Every structure is written in structure tokens, then in C-alpha cells.
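Residues per chain are reported as follows:
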Amino acid sequence: MSGIEYAAAESGMGMGTEGDGEANTLPPLGKTHTTQLKADKGQVTIEGVTVDFGGNVAVDDATLEIRPGEFLCLLGPSGCGKSTLMNTVAGFVRPTAGCVSVDGVQVEQPGLDRGMVFQQHSLFPWKTVCDNVAFGPLMANLGKDQARATARSFLEMVGLSGYENRYPGVLSGGMKQRVGIARALANYPKVLLMDEPFGALDAQTRLVMQENLLQIWSEFGITVIFVTHDIDEAVFLADRVVIMSASPGRLIADLPVELERPRSLAMTTSDVYIRTKQRCMELIRTESKRAFDQQRSVA
Amino acid sequence: MESNAAALTEREAAGLVEAEGSETSRTSLREVELSTEAGPGDAIRLAEAMEDDTIPHFDKFLGHLGTLPWDRYGVRLGAIVGAVILWHVLSVNHVDMLINFANIPNPVVVGDQLVFLLGTSEFYRHILVSLERIAISFGIAAVLGIFIGIIMGRSRIFSDIMMPYIEILRPIPAVAWIPMAILMLPTEEASIIYITTLGAFFPIVLSTLHGVEQTSGVYIRAAQSLGAGRIAIMRHVVLPGALPSIMSGLAIGMGVAWFSLLAGEIISGQYGIGYFTWNAYSLVEYESIVIGMLIIGGLGTLSTWLVKQASKPALRWQESET
Ligand SMILES: Nc1ncnc2c1ncn2[C@@H]1O[C@H](COP(=O)(O)OP(=O)(O)OP(=O)(O)O)[C@@H](O)[C@H]1O
Ligand SMILES: [Mg+2]
Numbered sequence: 001m002s003g004i005e006y007a008a009a010e011s012g013m014g015m016g017t018e019g020d021g022e023a024n025t026l027p028p029l030g031k032t033h034t035t036q037l038k039a040d041k042g043q044v045t046i047e048g049v050t051v052d053f054g055g056n057v058a059v060d061d062a063t064l065e066i067r068p069g070e071f072l073c074l075l076g077p078s079g080c081g082k083s084t085l086m087n088t089v090a091g092f093v094r095p096t097a098g099c100v101s102v103d104g105v106q107v108e109q110p111g112l113d114r115g116m117v118f119q120q121h122s123l124f125p126w127k128t129v130c131d132n133v134a135f136g137p138l139m140a141n142l143g144k145d146q147a148r149a150t151a152r153s154f155l156e157m158v159g160l161s162g163y164e165n166r167y168p169g170v171l172s173g174g175m176k177q178r179v180g181i182a183r184a185l186a187n188y189p190k191v192l193l194m195d196e197p198f199g200a201l202d203a204q205t206r207l208v209m210q211e212n213l214l215q216i217w218s219e220f221g222i223t224v225i226f227v228t229h230d231i232d233e234a235v236f237l238a239d240r241v242v243i244m245s246a247s248p249g250r251l252i253a254d255l256p257v258e259l260e261r262p263r264s265l266a267m268t269t270s271d272v273y274i275r276t277k278q279r280c281m282e283l284i285r286t287e288s289k290r291a292f293d294q295q296r297s298v299a
Numbered sequence: 001m002e003s004n005a006a007a008l009t010e011r012e013a014a015g016l017v018e019a020e021g022s023e024t025s026r027t028s029l030r031e032v033e034l035s036t037e038a039g040p041g042d043a044i045r046l047a048e049a050m051e052d053d054t055i056p057h058f059d060k061f062l063g064h065l066g067t068l069p070w071d072r073y074g075v076r077l078g079a080i081v082g083a084v085i086l087w088h089v090l091s092v093n094h095v096d097m098l099i100n101f102a103n104i105p106n107p108v109v110v111g112d113q114l115v116f117l118l119g120t121s122e123f124y125r126h127i128l129v130s131l132e133r134i135a136i137s138f139g140i141a142a143v144l145g146i147f148i149g150i151i152m153g154r155s156r157i158f159s160d161i162m163m164p165y166i167e168i169l170r171p172i173p174a175v176a177w178i179p180m181a182i183l184m185l186p187t188e189e190a191s192i193i194y195i196t197t198l199g200a201f202f203p204i205v206l207s208t209l210h211g212v213e214q215t216s217g218v219y220i221r222a223a224q225s226l227g228a229g230r231i232a233i234m235r236h237v238v239l240p241g242a243l244p245s246i247m248s249g250l251a252i253g254m255g256v257a258w259f260s261l262l263a264g265e266i267i268s269g270q271y272g273i274g275y276f277t278w279n280a281y282s283l284v285e286y287e288s289i290v291i292g293m294l295i296i297g298g299l300g301t302l303s304t305w306l307v308k309q310a311s312k313p314a315l316r317w318q319e320s321e322t
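Heads up: the sequence lines are chains W and D, in that order. Heads up: the first sequence begins at 1 in this note's numbering, then just goes up one per residue. Heads up: the second sequence begins at 1 in this note's numbering, then just goes up one per residue.
Bound conformation, chain W alone:
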């Protein structure tokens, strides 16, 4: 419920309490470039979080403060515990030690204030594209018709209006992830958690998706935590790149990205971009080498 109230209060998008707002009063999402909100909700605090899967320490003493409306990329090699750390924010995994809170409220379980886009395809294959996106609003007690209307406007935003009555099985990987993003946003969460959402896409599709995402982000003024192992992706998207090391998963660096917004592809050849990328690579290289040596000495 809180996600919806937030939307009404913060964005004035007419999505407030049940009953008010007809289908046709919804804003034309994705068409405006002016709704850039000054977010003051969606502050995520990770304090000394350790996750220990019975002797296998996936996350070791992670502390991180994420500002409202910030776009944060969590970068690290495969298996270093990125998903696990993100799952503690989502409420799927309980930290063994430490705690996570969103706007001062401790995370105990999953909730609709934190939308999630998953690493693997997670659309309900038995629901149509429209009903997938309408699921969140439906759970937030909007009526079926209004939930569908909300879903349609979100599908329009991600450019998939023509597919609302199809089943996810017929969509391409990129389309599926766009539906996944629409579904996660349809509840107007305060925080959007994205776990390598574009990992399975080809390079071209991925670029388009990244630009799309940035546009959506700027319109919603939402906090985004974006997990990736792709350095280019992290630097292109993020306000801040946090680098995680492997076994045990530790946060080892916190790099601000000084590129202005809105970001464009042209910036990927700029000095700032290249310098930031090099810094990330150095950090990851030393870290991977250390982990590799460590593994070798164990073996």
C-alpha cells in the first residue's frame, strides 16, 4: 500500500487511493521528459550485512548508504554475492548479521515498496503480458479494471502495447525484460532492484534497453540498485559504482561517476568515462588476482 501512497503524494500522478482516477486519467508515461522528481524517499541503508550460507560466506560485512533517487551499480565477478546482497534488500534473504532498512524501516520481508527485476526470466508464463504487469496493482487492491488500465499505460511506456494479450512465451528476451521492468514499476515502488536484467541480451538490444531504463529512471525519480558484471554497463548507467570482491563477497570500492545526465552513447568515448572505466578495471583485476591466488593456495 505504501508504494501507492507514495506515488500519489510524490508524483501527483493521480494514482492515489482506490476508486479515484479513471483509466483515461493516467499520465502518458514515457512521453514526458519533465517529470524529473526530486526524490526524498527510497533511501536504502545497508549496515554491516553478512550472509553466511552454512559456512559459505556469500556477503561479508557490507555497509552501504544509497541516497534517495540514486542510480547505484553493484559491480563484481560472477558468484561474488551480488544477488545475495540484493536479496537482503528485497527481503528474500535474511542477513546472518547486520541489517537493511529502507527509509528507516528495517526490511523484514519482501514488499511492494521494493520492485524487483530478476536475473532469470520471472514473468508468470500462464498470465498474459497485460496481466503480468497488472499483478502488482491488483495485489495493491486496485480493482481488476483499474489494474489493467495501469498495466496498459506501463506497457505503452516500455513500447509493448501491441503485445498485451500475448503470453510471455512468445516474447523475445529483450521484450520479456521490458515487461519485467514494467511489472516491477507498476506499483510505484520506492526502490527498483535489478539483478543483471540485461545479462542475457545481445549487445545492441542491451544498449537500447540501457537508454530506455535511464529515461524511465529520470521520469520516476526512483532509487535504482543495479547489479551487473559488465563494467561498461555499470559506468554508463550509474551515479555511483560499488565494486564487490569474490569469496567472501566484500564491498571494496565506491566510485562516483562524474558524467552528466542525460547520458548518451557519445559519452562513452569521453575522458571521464574512460578514466572511470579504467579505475574499475584495475580494482577488479587486482581483486580477481587476489581471489585467484587465494583459491590456488587452498587447492
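Check before you lean on any hint, since a few could be wrong.
[To be verified] Label-pair distances were calculated between CB atoms; the ranges are:
hint, chain 1, residue 1, chain 2, residue 2, range
1, W, A203, D, Y165, 17 to 27 Å
2, W, E260, D, I231, 27 to 37 Å
3, W, A97, D, I231, 32 to 42 Å
4, D, I161, W, A97, 30 to 40 Å
5, W, R261, D, I161, 56 to 66 Å
6, D, I157, W, K144, 32 to 42 Å
7, W, A97, D, A232, 24 to 34 Å
[Stated by the list, open to error] Which residues of chain D face chain W? A partial, calculated answer using Cβ under 10 Å:
hint, residue
8, Y219
9, L243
10, G298
[Said to hold, decoys possible] List time: in silico DSS-like cross-link candidates among lysine-lysine, alpha-carbon distance up to 30 Å:
hint, chain 1, residue 1, chain 2, residue 2
11, W, K144, W, K127
12, W, K144, W, K41
13, W, K277, W, K289
14, W, K127, D, K312
15, W, K144, D, K312
These are calculated hints, taken from the structure and not from any lab test. The structure displayed is predicted, hence computed values, not measured ones. Glycine included, every Cβ here is placed at the ideal spot set by N, Cα and C.
Start from chain W and add chain D with the ligands according to the hints.
Structure of chain D with the ligands alone, referenced to chain W:
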């Protein structure tokens, strides 16, 4: 992923049915759907072909008719006609080699008897009584099986309580239940219903359980983060996810229900197609035995087909999966 899991269910369920010795029910729902042969799926493929408006509808329709395997239908029809002719030749000539055809009525005599029976109300009554028993038993088995299967899938303790009963009772064939059923239940009718229900129950409960257990965790997580509670997850995630499995359980359950019903009807009862068949043997009306058997085969096939058809709309989403 989904289809793998479904295949597993079938193998399991097929094993179960095999143990009971029923051949017909072994065909699974998915096999039929996935096969390239003509079958019930054609109607839907046809409908889909017609929905696509990039090509004019009529052309599409004609094109589709062309893809139906007419030659294979011909072969199938030929196989049946061939068998009837062979049967006729063997029984008219009283052939006795390994199988004795001397006492087997030939197709012409059987046809005459069928025409006669179709004129009697008694014959219809036998059929209707059997159908009613199947409907009641299958209904009870479906409701109980799906309900218990889902709870077992979602609660470990309930599953641990139920599993020993299922494991021990499942291998007991319907025939072995008859004496106990007669002792336990007030009427013969109730005993037959009990035996039939029990037969259908096991494949349904096990398929449901399997379907629920293989619900992908990521769907549940997605639902949770969208604000779904336990009941909503059950309704929107677990149940639809398990549906393909449940439906193939129902189709197998229907086959086993007939198998069990017949066992019950042959040994006790005054009406029913099983009683009719056995009684014909006692009365030395051999033509009626053949008719009884053919009716049983026909009704079993028809009811399993109906279950599959009924499940089609609920499984439409699967047609887009590859
Ligand atoms: N439920 C679990 N039980 C036990 N161990 C787990 C569990 N989930 C993750 N792990 C372990 O924790 C470590 C980190 O896993 P995690 O999935 O968080 O990595 P990741 O950084 O997301 O990797 P990738 O980039 O491949 O997605 C791995 O060693 C993994 O085996
Ligand atoms: Mg991961």
C-alpha cells in the same frame, strides 16, 4: 523447463498405471499435445492460424487443411477395417490356433445383437449407471486429489503425514479392495464408488503434488515482491503453475477410474456396463460380451478425451512455450 517437469510427472504416473495394468490410460496429456499427428490440438492451431491476419483468412484455412495428415487418417481407418475382416474370417471358419475362435461370435452376429440391445431400455440403463458412477467418483477424486496435493506440496509436515498412507495404499489394486470395501461401507453402490474414487485419487494427488513442488522459486519471489500474500500466491502462482501436471493427472486418473469401476462392477452390483459384460458370460450371450467390451473401450476413450478437452482453455499459455 516446464515440459521436462511435465514429462517426469508422466513417467511417474505412467509407472503407476502400468502397475495397475491399464494400457489405455498410459497416453499422457502432453504427449498428445506435443505430437505432430492430427488430434484435438488441431482445432486450436487452426483457430490460431486464423487469428493471424497477415495472410487472408481463407487461404490460411485452406493451407491448414492441407497440412492435416489425411493419409494417416486413412491408414488408421484401414487398420480397423482390416481387424474386423480378420476377426470375421477367423470366427466364421472356427480357427483354433493358440487362440480359439470357435466360440467367438463373428462381427455380423455382434452387429445384430447390438441393434437388438439398442432397442431395449435395460441396455441404456447399464451405460447410464456406469457413467453416473464415473462422474461421482471422478468428481470426488479430482476435488480431494487436487486439494490434498496442493496442501502436501506447500506443507512439509502435512506431506510427511500423508506420504506413508499413499505409498502403502497406492499399490493395492482395486480388486483387492472389494472385500474390505463391502465390509466397510453400507451399500454395494457405496463400495463401488469408493473403489473407483480411490483408483482415480492416487494419480491425481501425486501429479498435483509434483506440479506444486516444481513451482519455480523465482515466481514466488516475484509475486512476493509485488505484494502477494500466501493465498494470492497459491491462487495466482502455485495453482496455475501446477495446472499442466494436474491436468495430466486428471487424464490418467480418468483411465484408472474406469479400470477400478469395472473391477467393482464385475464382482458386485446389479447394473453397470461391467456387470452387463460379466452377466452376459454367465448367460452364455457371447455377442453381448463383445459389445460390453467395446462399449467400455469407447466410453473410457471418450471420457479421457473430454477431460483433455476441458483442460485445453486452461493450458492455452503452454502453446506459446517452446
Ligand atoms: N541459497 C543459497 N544457499 C547456499 N549458498 C548460496 C545460496 N545462494 C547463493 N549461494 C552462494 O553464495 C555465493 C554468491 O552467490 P550469488 O548468487 O549472490 O552470486 P552473484 O554475484 O549473484 O553471481 P552471478 O553473477 O553468477 O549471478 C555463491 O558461492 C553461491 O554458491
Ligand atoms: Mg546473481
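> If you check each hint against the structure, which ones fail?
Replying inline: 1, 2 and 10
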